[in-house]
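Peer 1: Residue numbers (the numbering used here), protein chains in the order written: chain A, 8 to 99; chain B, 81 to 229.
Every clue listed holds true.
Here are the simulated distance ranges between beta carbons:
1. A:Lys58 <-> B:Ser208: 17 to 23 Å
2. B:Gly207 <-> A:Ser99: 19 to 25 Å
3. A:Lys83 <-> B:Arg149: 17 to 23 Å
4. B:Gly212 <-> A:Pro46: 19 to 25 Å
5. A:Gly85 <-> B:Asp115: 35 to 41 Å
The calculated lysine-lysine pairs, modelled on DSS-like cross-linking and capped at a C-alpha distance of 30 Å, are:
6. A:Lys58 <-> A:Lys10
7. A:Lys23 <-> A:Lys77
8. A:Lys83 <-> B:Lys142
9. B:Lys142 <-> A:Lys23
10. A:Lys30 <-> A:Lys77
11. B:Lys142 <-> A:Lys77
12. A:Lys77 <-> B:Lys213
13. B:Lys130 <-> B:Lys213
14. A:Lys58 <-> B:Lys213
15. B:Lys142 <-> B:Lys213
16. B:Lys214 <-> A:Lys23
17. B:Lys213 <-> A:Lys23
18. B:Lys130 <-> B:Lys142
19. A:Lys58 <-> A:Lys83
20. A:Lys58 <-> A:Lys30
21. B:Lys142 <-> A:Lys10
22. A:Lys58 <-> B:Lys142
23. B:Lys214 <-> A:Lys58
24. B:Lys142 <-> A:Lys30
25. A:Lys77 <-> B:Lys130
26. B:Lys130 <-> B:Lys194
27. A:Lys58 <-> B:Lys130
The set of hints was computed from the structure by calculation and includes no laboratory data.
This structure is a prediction, so every number in the text was calculated from the model and none was measured.
The beta carbon of each residue, even a glycine, is placed where N, CA and C say it ideally should be.
For reference, the chains in residue letters:
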Amino acid sequence: MTKIHIPTPLRQYTAKQADVQVKGGTVGDALSDLTARHPDLRRHLYTEEGKLRSFVNVYLNDDDVRYLQKEATAIKDGDNISIVPSIAGGRS
Amino acid sequence: MLRISRSNYDSLRRHGEATYPYESCGVLLGQVNGDVRVVTSVARCGNTRKDSPQNRYNIDPKELIRIQRGGRERGEDIVGFYHSHPDHPARWSPTDLAEAHWFGCSYVITSVEKGRAVTTNSFELTGSEENGKKLVDEEVEIDLFMGRT
Chain A
8 MTKIHIPTPL RQYTAKQADV QVKGGTVGDA LSDLTARHPD LRRHLYTEEG KLRSFVNVYL
68 NDDDVRYLQK EATAIKDGDN ISIVPSIAGG RS
Chain B
81 MLRISRSNYD SLRRHGEATY PYESCGVLLG QVNGDVRVVT SVARCGNTRK DSPQNRYNID
141 PKELIRIQRG GRERGEDIVG FYHSHPDHPA RWSPTDLAEA HWFGCSYVIT SVEKGRAVTT
201 NSFELTGSEE NGKKLVDEEV EIDLFMGRT
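Given the sequences, and given the hints that come with them, work out the whole structure.
Peer 2: Following this line, the structure appears as C-alpha cells:
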C-alpha cells in the first residue's frame, strides 16, 4: 500500500481524510485508485482531457514525478505520494 | 476570519521588510476552528521566482512538503499563505487570484513601502472550482495572548 497525502482544500472530497491508502504499481495507478475511492476528487486533479492540471504537483517521497517518469513512475509499498497545489502569485 | 498571535503577525511583516524590494512568501500553520483559521506558527519560505522577484513569488513544493511534514508532527495543518507587495497596495492582484488554488485557506498580503511594512490584509479563497473562485476580504484578529502561558 502507498499513502497519498491530501492537501487541506481537497479533504472535503476524501471524507476529511488527510491520508488515503491506495494500491497500484505506478503513480498513475495510485492516483486512479484514489479517484476511484473518492470520485469527486477527479475533476480537481485532472482536466476534461484527462491530464493532470498544470497547478497540481505530484511528489513521490521528495521527488517531483514530472522529473521521474511522470505517472508511469514505479512505486513500492511504504512510499508516500503528496498532492501539492502550487503556491504562487505577485503584485501585478 | 484569521486569528494570529502578535509575534507571528510581526514575523510575517518583518519578513516582507527583510526581502524588500523583493516579494517575501511563507506558510501559515495551525488549525481550522469553524470559520476561524487559527495560526499557531509561521514558516518563512524562499521565493523561487528569481526571474522576477520584485513582483512575483512562488514556493517550492518540496519546501512546502517539508513544512507540512513538520507541522503534522506538531498537530498543525496548512491554513494559509502570506506574501508581500513591495511598493504596492496590500490588495490581491489578478495574478494572485489566478495562481490561488488552496480553497478555504487564507492569503495574507503585506504592503511594504520603501522597506517598511505598512498594511496587512487577509483574503479567503472561496469557491470550490477554478471557475468562479474569489479572494474575499476577511477579518484578521491579532491575539495578544495566544501562545503565552
